[in-house]
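Colleague: Residue numbers (the working numbering), protein chains in the order written: chain A, 46 to 397; chain B, 97 to 461; chain C, 254 to 504; chain D, 370 to 605; chain E, 1032 to 1328.
Honestly, the hints are just simulated from the structure, not real lab data.
Hints are supplied without guarantee of correctness; some may be wrong.
[Unchecked claim] Each computed PhoX-like pair below joins lysine-lysine, with the alpha-carbon atoms no more than 20 Å apart: (1) K212/A / K200/B; (2) K1315/E / K498/D; (3) K212/A / K215/B; (4) K449/B / K200/B; (5) K149/B / K404/B.
[What the hints assert, rightly or not] Distance ranges between label pairs, derived from CB positions: (6) F149/A / R305/C: 47 to 57 Å; (7) Q378/B / P1093/E: 47 to 57 Å; (8) N274/C / L225/A: 50 to 60 Å; (9) P137/A / I440/B: 45 to 55 Å; (10) S256/C / P394/D: 22 to 32 Å.
Computed from a predicted structure; not experimentally measured.
Here a beta-carbon is modelled for each residue, glycine too, at the ideal position from N, C-alpha and C.
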Amino acid sequence: MKIKRNTLLTLAGLALLVGAIAAADATLGRFSVRILNLSAIYIVLALSLNLLNGFTGLFSLGHAGFMAVGAYVSALLTMSPAQKDMNFFLEPIMPFLRDIQLPFPLALLAAGACAGLVAVVIGVPALRLRDDYLAIATLGFAEIIRVLITNAQSLTNGAQGLKAITKYSTTWVVWSVAALSVVFMLALVRSSYGRTMKAVRDDEVAAEAMGVNVFKVKSTSFVISSFMAGVGGALLGHMITTIDPKMFTLTLTFNILLIVVLGGNGSITGSVIGAIVVTVLMEALRFLDMPMNFLFIKTNGLPGLRMVIFSILLMIVVLYRQRGLMGNKEFDWDGFIGIFRRKGASSAGGRS
Amino acid sequence: SKAETKTDANVVKFGVFEPLTGANAAGGAEELDGVRLAQELYPTVTVGGKEYKIELAIADNKSDKVEAANAGQRLVDSDKVQVVLGSWGSGLSMAAGPVFKDAKIPAIGLSCTNPLVTKDNPFYFRVCFLDPFQGTVMANYAFKDVKARKAVIIREVSNDYSVGLAKFFADSFKSLTGDQGAILAELNYNTNDQDFSAQLTQVKSLKPDVIFAPGNYTESALIIKQARELGITAPFLGGDTWEIAEFINVGKQAVEGAVMSAFFDNDAPLTPLSKVFVESYQKKYGKLPSGTAVLGFDGYLLAIDAIKRADSVDPLKIRDAIAATKDFAGAAGYVTLDANGDPIKSAVIKEVKGGKFVFKTTVAP
Amino acid sequence: MISTRDVSMRFGGLTAVSDLNIEIQKNEIVGLIGPNGAGKTTAFNAITGVYRPTEGRVVFKGRDITGQKPHAITKLGIARTFQNIRLWTDMDVLENVLVACHLRMDVGVFASTLHLPGYRVKERRSREFAMSLLESVGLADQAREAATSLPYGKQRRLEIVRALATEPSLLLLDEPAAGMNPQESLELMDFIGSIRDRYDLTILLIEHHMQVVMGVCTRMYVLDYGVTIAHGTPDEIRRDPKVIEAYLGVD
Amino acid sequence: MLRIDDLSVHYGGIHALQGISFEVPEGKIVTLIGANGAGKSTTLKSVVGLVKPSGGSISLDGERVSGLATRDIVRRGVVLAPEGRRIFPDLSTEENLELGAFMRDDKVGVAADKKRMYALFPRLEERRKQKAGTLSGGEQQMLAVARALMSRPKLLMMDEPSLGLAPLIVKMIFDIVKAINAEGTTILLVEQNAKAALEIADFGYVLETGRITMSGPGRELLADDGVRRAYLGESL
Amino acid sequence: MELSTFFQQLTNALSLGSLYALIAIGYTMVYGILRLINFAHGDVFMLGAYFAFYAATSLAMPWWVAFIVAIGLTAIFGMGLERVAYRPLRDSPKISVMISAIGASFLIENVGIVVFGGRPKSFPSIPLFDTVLHLGPVSVLSVSLFIPVITAAILVALLWIVNGTKTGLAMRAVSTDLDAARLMAIDVNRTISLTFGIGSLLAGLGGIMWTMKYPQLNPLMGVMPGLKCFIAAVIGGIGNIPGAVLGGFLLGVLEIMIVAFLPELTGYRDAFAFVLLIVVLLVKPSGLLGKHQAVKV
Ligand SMILES: Nc1ncnc2c1ncn2[C@@H]1O[C@H](COP(=O)(O)OP(=O)(O)OP(=O)(O)O)[C@@H](O)[C@H]1O
Ligand SMILES: Nc1ncnc2c1ncn2[C@@H]1O[C@H](COP(=O)(O)OP(=O)(O)OP(=O)(O)O)[C@@H](O)[C@H]1O
Ligand SMILES: [Mg+2]
Ligand SMILES: [Mg+2]
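Between the sequences and the hints, there should be enough to build the whole structure, so can you do that?
Modeller: Structure below.
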């Protein structure tokens, strides 16, 4: 009975979402749509990092590296030979790569797969490391990937980056991938396998003793996460339509980490909310950089003020909501409906 | 008040799309200075007998590609600009390029020298010369004026500008000397590195006639300083990015004699406007202008010129007028745009002397 | 069932266990006692693969399992509890047990993420099994509570249940009665006996509560400074002067 | 010496202590017994300020100490040998003992006390330089007790000191408790080994789910049928 | 390679290494006590340089007074930072503290951009430090001779504080168990504050020495040295003070020698730092001198 009600509500919510996206795509300006779509990409990225950080307890700072792999693979696989020739004006591209051109969905999968493959080759040996050591090692891997991309002129065009990548990241594409990621994560986390991940997070020794192959679980989580990061990176590339190695620095990883923690480490709902809030907020605060005329205070535009305020807001959230907006809880209809019920109840005199 | 300006028919909006924070902030600020000065001098444009007020909409792209695309979109969408000026940093321009192209808003690059910026984008133009030209100019200088036969290149491998210049310098220098081994070594460093002693010790042992080291001014100044400390005496050549006060402040005594290509020189007026620019700049900012500031100035003027020629504030018509630019006289020389939207214009060569950038010569394309 | 052959475990210069030879038959309940720091927990760690023995072999059901990974050993049928409780703190009681059930479910990431029909059946069976286990220790009502909010005694029982969920044939219990009062210890004794019968188990038990060990074990080994100083039935042990001197003290 | 009035503690929604009152007179041994989760540890933690009470008061020698920082309470001579030992795993056995004497300034006295502890627990002397984290469970327990004694407390509170100890050592711990009490230290003891605790206690309290349900001299409680059935495991 | 070139490179390596070592010590100190990767360390480093700059230029103090003032200010700033950004999170999950550290780092950098301006400033030349010395075929900047001496002095001082004093014992106790430390009558807040003060002081000193060698200041100048020195600390075994020195030297030597012996690979110089890091970690998971933490179950 109850389950049925919730399923219905979920379906209704989904329909509403599809409708909202269609409406937004059709009516909102390109700017708003761009921000919206960027949020969707950040949802994918945040979920992928949350899988590691929040659900498997693996502290990784290497996400930008896997995103870079995905972005480059997909960009190079979808570009036409002519576009590649235009880009590689310093040194010609490797011949075999020049002539490959795949349809976007295949390239997107290849992007994820390559990121996953890189994770297997370089990341998995590092999984023996604990906490901070793992974090710093993954950070190292990301930097190595970036340095390799910078220096591999005839493969990646080096510092010149790639331009005129086809803009495949339309509203429907990015939101479908985001929705798919959410569903996938929910299904994974709530499955038996997902439980073993949480067990590894909480106490490795106990997990191992209860027959959980800790190394395998960690590796699986790491590879899945990297796959998603690769896909996210590819989407980002196809949205901005140009990429270069400087995009994929530690700052990018930090931004995603921030979304994860702000939303709630270990909460899928949190990552979704976090991604949207952070992306929108960054743009919403843009007015701070502009010349202002506030009653008596006049500024000539203080570039950087936006980032100052953003950093302060971030610190306030972390200081006052130490487990992020959602903690490690998930949205569910019972809780949601409960909020309204409680409101009614508290006015009737509940415990404060 | 925002809504009012939007409906005000007598306003044209220029978007200024620059990195005002982050790694490229200094460059962005330079260009913005030039644009602001131009606006102060020429605040209006007359179209069809009607006077339009020019407003600037400034968007910070934070030296970040993702942000750059957002900022560009914002200029187009929320600020509804008719023309865009900027950005310092070719990568940032490329990130927003498609946005302008989709919205059919013309953009004028100021100092973004990467050939890719305007490629495949009929809506992107620029008022500066390109990396290949600059690299070639410096190779010529090295060969003819320095009489160098062996060179070493030190490049900032993570910087497209530096890598591009290095490549074109190497190609020209090799063909000028007719010696495939004329480049003794290409040594690399990364953005934000501060210790170059290892590379420079290597350079010292190679005993080159000249060292070409295009790159960011801070790193470059440190490179030259450390080179002199190691006892390297060969002259240093670089590109337009060096022409900024900080280069001399950081490098001090050590950068004396460093030679660079530049867009413009205060002492060698290229057009009647040059003098106007230098004088009013000094009045407004109390210092000598840099090469990038003048490009901000010129970009703004080119936009006005195009509007006048189009006799319309319709972005599409402005675009066509920009594309047809011929012998436009800016403060930094005459601009004629080619089919790509790139200018054919001359470069200036300067040297640091007595703590100042001193004019050496002009090089025509 | 299980035997250790001259197992030794050294940490730097310290020999925590030396030449341990334990032999346990099916369905026996055997005690492992000795003063603090005698090497009992270390012996457990060597058997379950947490440590790799410096010397010697561990043979389980005729198979040499020395040096295998803990999870592989658990899969072969050895489960344990910890001296310091190690429950998964962010999970509820039922989930703690379900994780242990995963071992026998034999499903991979994809089957379980996609909720394939085969997986659904297994998941349902696991839940039923887990609930029946919880029922047997009176924890069924608290299945949805956070594991760490349980009082200490119940946490210990939950640890045992969790170990049982891996469907072991050999169960190693490290001080299951620690932190329980005498009354609770007695209940625990009965419980240990009953699970042995119900799940056809063999049990090796470390315990300092003499009442408990003497009550449930048929045989016991006594360690002191890593060395086995005695071995025999509870009555023999109780009277062994070496054991009295090193461990029990005179009453 | 220690007086607790209507003490109440909440953990989020859990009402762990629901207004308990009792007293620990100077020079006596008082014991708290009770089932798992009754609130014994919570009581001790509140006394040293590790848990902030939601109501009631705690006073020491007539002076209110609830609300003070742990450090200030400890400096007044109230020391807790906590549940779960809480030794410093990365430090050596010896450094752990020195930390016990952190607030003392008499170097000579500290050195002498260290010797005394090694005499009491020869095991610890054997493990002097070993990292405390690698000690066996029981060795860690000995260390926790010894560390608490190093501070020469006026009021020593011990939370299940016999947990995980071999029978011989358990006996010894209770002997030590008696001995230091005879030297003048007041003791508040929490124990699962209710029998041994009540035997040496001057006074005992029974805690049940956050309330005191019974109290009396140790011997009296030991003779009480309810106590014997519920906590001593004796079938009557 | 010519012998003179080799000796020059060796000098380069040692001088860079000792600078890395100096900064890595501060990192390791804070980590060792708080188990917190203090991402804002590099920014405190930057502040140290700026404080010294303004004291020496705007306030026209003699350079050594400016240095002392700047170092004092960074120490105070570090304690303030701890109070505002880390103390409220004392009992929170580690990752929240880490985010707070990253947030603090962003904040300091962005305020730095607004207050100091985004463009680099140049430190006035101090002849004592800014003189080129020629030792046979080798040239070296005089400041490079001071740095190892300072590093050694600090190493000794810190080892003494941490291992030889009661305060040090308190620091080490605090590093593992806050509540237990409180039970020992240790003033946890003061101890942590002090640790932060010392760590920041070292960062400030490092920042000043860095600008003596590379005389430019910008609000982001701490990022790269911060990262490099953090790596150095991890290579040596984070939390281990001699390890930080060892790691700093190793990293410096590796970076220089890669360029010296494999000049074609100069573009990969940064990658080698990380390769070294990863290789060390894979072989010794807690760094070269880091103690392997025994997990006792
Ligand atoms: N990882 C380790 N490193 C160093 N020494 C260790 C390690 N593990 C155990 N030891 C030492 O080995 C000895 C045996 O420890 P073990 O934990 O096996 O004792 P135990 O018999 O279980 O004692 P208890 O009854 O007190 O739990 C102890 O002296 C302990 O200090
Ligand atoms: N940190 C905490 N968070 C939430 N609940 C807690 C916490 N600590 C204790 N409790 C709860 O408070 C109640 C009293 O716990 P306390 O530890 O004081 O019991 P105890 O009498 O010492 O039990 P035991 O004999 O098991 O040690 C229990 O219900 C326990 O679950
Ligand atoms: Mg043990
Ligand atoms: Mg307790």
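Colleague: Starting from K212/A, check that the Cα of K200/B is at most 20 Å away, please.
Modeller: Roughly 16 Å separates the two Cα atoms, so the pair holds.
Colleague: When you take the CB atoms of Q378/B and P1093/E, is the distance between them in 47 to 57 Å?
Modeller: violated, 35 Å
Colleague: N274/C and L225/A, beta-carbon distance inside 50 to 60 Å?
Modeller: holds, 58 Å
Colleague: Within 45 to 55 Å: is that where the Cβ-Cβ distance between P137/A and I440/B falls?
Modeller: violated, 26 Å
Colleague: Taking 22 to 32 Å as the hint, is the beta-carbon distance of S256/C and P394/D inside that range?
Modeller: violated, 57 Å
Colleague: For the hint 47 to 57 Å, verify it against the beta carbon of F149/A and that of R305/C.
Modeller: About 50 Å separates the Cβ atoms of F149/A and R305/C, which means 47 to 57 Å holds.
Colleague: Just to be careful, I want the Cα atoms of K212/A and K215/B compared with a cutoff of 20 Å; is the pair within it?
Modeller: holds, 17 Å
Colleague: Starting from K449/B, check that the Cα of K200/B is at most 20 Å away, please.
Modeller: violated, 46 Å
Colleague: Given the hint that K1315/E pairs with K498/D, test it: the Cα-Cα distance must not exceed 20 Å.
Modeller: violated, 23 Å
Colleague: Decide if the proposed pair is consistent with the structure: K149/B and K404/B, CA atoms, cutoff 20 Å inclusive.
Modeller: Roughly 13 Å between the alpha carbons, so the hint for K149/B and K404/B holds.
Checked against the numbered hints listed earlier, the structure breaks hints 2, 4, 7, 9 and 10; every other hint is satisfied.
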